[in-house]
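**Student:** Line by line, the protein sequences give chains A and B. Following this note's numbering, the numbering of the first sequence begins with 1 at its first residue and continues without gaps. Following this note's numbering, the numbering of the second sequence begins with 1 at its first residue and continues without gaps.
No wet-lab data here; the hints were simulated from the structure. Mixed in with the good hints there might be a few duds.
Remember, identical chains collapse to one label, so a pair may be satisfied in a single copy or spanning two.
[Said to hold, decoys possible] No farther apart than 27 angstroms at their CA atoms in a straight line, the calculated lysine-lysine pairs in the BS3-like style are these: (1) Lys237 <-> Lys191; (2) Lys21 <-> Lys149; (3) Lys237 <-> Lys149; (4) Lys55 <-> Lys149; (5) Lys151 <-> Lys241; (6) Lys191 <-> Lys165; (7) Lys165 <-> Lys190; (8) Lys190 <-> Lys172; (9) Lys241 <-> Lys190; (10) Lys237 <-> Lys52; (11) Lys141 <-> Lys191; (12) Lys151 <-> Lys191; (13) Lys151 <-> Lys52; (14) Lys25 <-> Lys191; (15) Lys149 <-> Lys172.
The structure displayed is predicted, hence computed values, not measured ones.
Protein chains: 2
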Amino acid sequence: MDILLTNDDGITAPGIAAAYKELVKLGSVTVVAPSDRMSGAGHSITVFEPLKCEKVNVAGLFEGFSVTGSPADCVKLALMEICPQRPDIVVSGINHGANVGINVYYSGTVAAAMEAAFYHVPAVALSYAFEEPCDFAAAAKYAVETFDKVKNLSLSAVININIPKLAAGKPKGVKIVPQSTMGFQEHYIKKTAPDGTLLYQLAGGDHRDVDVPCDTLALTDGFITVTTLGFDMTDYKNMEKLRQINW
Amino acid sequence: MDILLTNDDGITAPGIAAAYKELVKLGSVTVVAPSDRMSGAGHSITVFEPLKCEKVNVAGLFEGFSVTGSPADCVKLALMEICPQRPDIVVSGINHGANVGINVYYSGTVAAAMEAAFYHVPAVALSYAFEEPCDFAAAAKYAVETFDKVKNLSLSAVININIPKLAAGKPKGVKIVPQSTMGFQEHYIKKTAPDGTLLYQLAGGDHRDVDVPCDTLALTDGFITVTTLGFDMTDYKNMEKLRQINW
């Protein structure tokens, strides 16, 4: 199996190294990942300037391609220029922090997998609920084990896998759950710079409480969550209301 | 009506000025927009550094808040800190370039509207198919006229409005159409920097041909397109396949 591996925490992040160690057991792994951490990159792409790309050796573990762009840029560039042939799958992660609920919109990890899906390449996003200290080796093992069970399903959707916090013990099991659409509890910390400019630092970011079965709830409850994500954002129900208007 | 106006081309872009001129006829407009052009910003947000925010006067037309962040940052900050009260609607645009098909993922314009929807504030994204020379005044007039017809529908979805090229004459009408999921025809132009680093500039970006009714096709055919976009990305159909596995 030819695997393209990327992430949004950057090519030297511990999560991608842990994912590499597990994935290399399943096939040949090409790493193309951002040179810097790109958390919160969402599905941004670089349009006004060229991407710089260089081969780097990461901690003696792998040789990969470091790209001065977003996770989605990395996948575009890998598929069009770097990979010698179309990979069988694109894996993104393992991210330091969960990507459930509306966080899938802010997530560079999920966007990289989505970008692969635009090219009809099967793709999976792997994330691990934030905890300190964290055990990326264990999280990557659980994530790739989960991925290994779904990899032959030929799904026409991105597979979004999240690993719960592990400090309290191993995951309680696997839950197949929809994405929560509940927003965040967040706020800004306001400061004034020496020159008088107002500065606002985003803080918080926990999901608002939910009580229906969904990814955020199952993950908090200690389950590995698996969600399939599509890329038709059309809301067909509301579209009918628009059709009632006399245009 | 209290309107929050933002965009992704930056607070001094001609598109937002044209939108302002039309929207101010409908109510009170607060402008909170990126200090720089943020095309391709997608749903990125700024997590590692504070946003700088300053009041600016734009060409004698309006006083607005200029923010060193993405369009989604601007909406978050406006809703939590800047707007004296919750706006009745968030308008994003008018963007220089269409936001149809999978471009809705790369679009900061659409992301800003989506961010408002996360806060349950009605939102609309306005875009205008790229042409040179362009007529933002006419495009904004058509866009706000279209918006004005849907603004009281209480839709629980983002309304994505695109104005076709206008060089050949006025739009042929309005079409309510789903988002196309067809990818782009794109490529990289490869160069080598003086220090030997490989540089890749993204080029192209036309949608691949489609022949089913959708936003890309209707816009190319000269219609104003209106699409409702939701934010549950769950692909329920493929999720059933996952449920067949013996977990």
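**Student:** For each hint, tell me whether it holds in the structure or not.
**Tutor:** Right, here's what the structure says about each hint:
1. With identical chains, the CA atoms of lysine 237 and lysine 191 are never at most 27 angstroms apart, being 43 angstroms at best within one copy and 47 angstroms at best between copies.
2. In the homo-oligomer, the alpha carbons of lysine 21 and lysine 149 lie at most 27 angstroms apart inside one protomer (18 angstroms), although the nearest pairing across protomers, at 56 angstroms, exceeds that limit.
3. When the C-alpha separation of lysine 237 and lysine 149 is checked against a cutoff of 27 angstroms, the pair qualifies only between copies, where the shortest distance is 18 angstroms, while the shortest distance within a copy is 34 angstroms.
4. Taking CA atoms no more than 27 angstroms apart as the test, lysine 55 paired with lysine 149 passes in neither setting, with 32 angstroms inside one copy and 54 angstroms between copies.
5. In this assembly of identical chains, lysine 151 and lysine 241 lie within 27 angstroms of each other by CA distance solely across copies; the values are 12 angstroms between and 39 angstroms within a copy.
6. For the homomeric pair lysine 191 and lysine 165, neither the shortest alpha-carbon distance inside one copy (33 angstroms) nor that between copies (44 angstroms) is at most 27 angstroms.
7. When the C-alpha separation of lysine 165 and lysine 190 is checked against a cutoff of 27 angstroms, the pair qualifies neither within a copy, at 31 angstroms, nor between copies, at 43 angstroms.
8. In this homomeric assembly, lysine 190 and lysine 172 never come within 27 angstroms of each other (Cα to Cα): the closest approach is 40 angstroms inside a single copy and 48 angstroms across copies.
9. Taking identical chains as interchangeable, the C-alpha atoms of lysine 241 and lysine 190 are never at most 27 angstroms apart, the minima being 41 angstroms within one chain and 47 angstroms between chains.
10. With identical chains, the CA atoms of lysine 237 and lysine 52 are never at most 27 angstroms apart, being 43 angstroms at best within one copy and 39 angstroms at best between copies.
11. In this assembly of identical chains, the alpha carbons of lysine 141 and lysine 191 never lie at most 27 angstroms apart, being 42 angstroms within a copy and 39 angstroms across copies at closest.
12. Within a single copy, lysine 151 and lysine 191 get their C-alpha atoms no closer than 48 angstroms, and across copies no closer than 36 angstroms, so neither meets the 27 angstroms cut-off.
13. For the identical chains of this complex, lysine 151 and lysine 52 are neighbours neither inside a copy (32 angstroms) nor across copies (44 angstroms), given an alpha-carbon limit of 27 angstroms.
14. For the homomeric pair lysine 25 and lysine 191, neither the shortest alpha-carbon distance inside one copy (49 angstroms) nor that between copies (35 angstroms) is at most 27 angstroms.
15. For the identical chains of this complex, lysine 149 and lysine 172 are intra-copy neighbours only, at 17 angstroms inside a copy versus 51 angstroms across copies, given an alpha-carbon limit of 27 angstroms.
Hint violations for this structure: numbers 1, 4, 6, 7, 8, 9, 10, 11, 12, 13, 14, all remaining hints satisfied.
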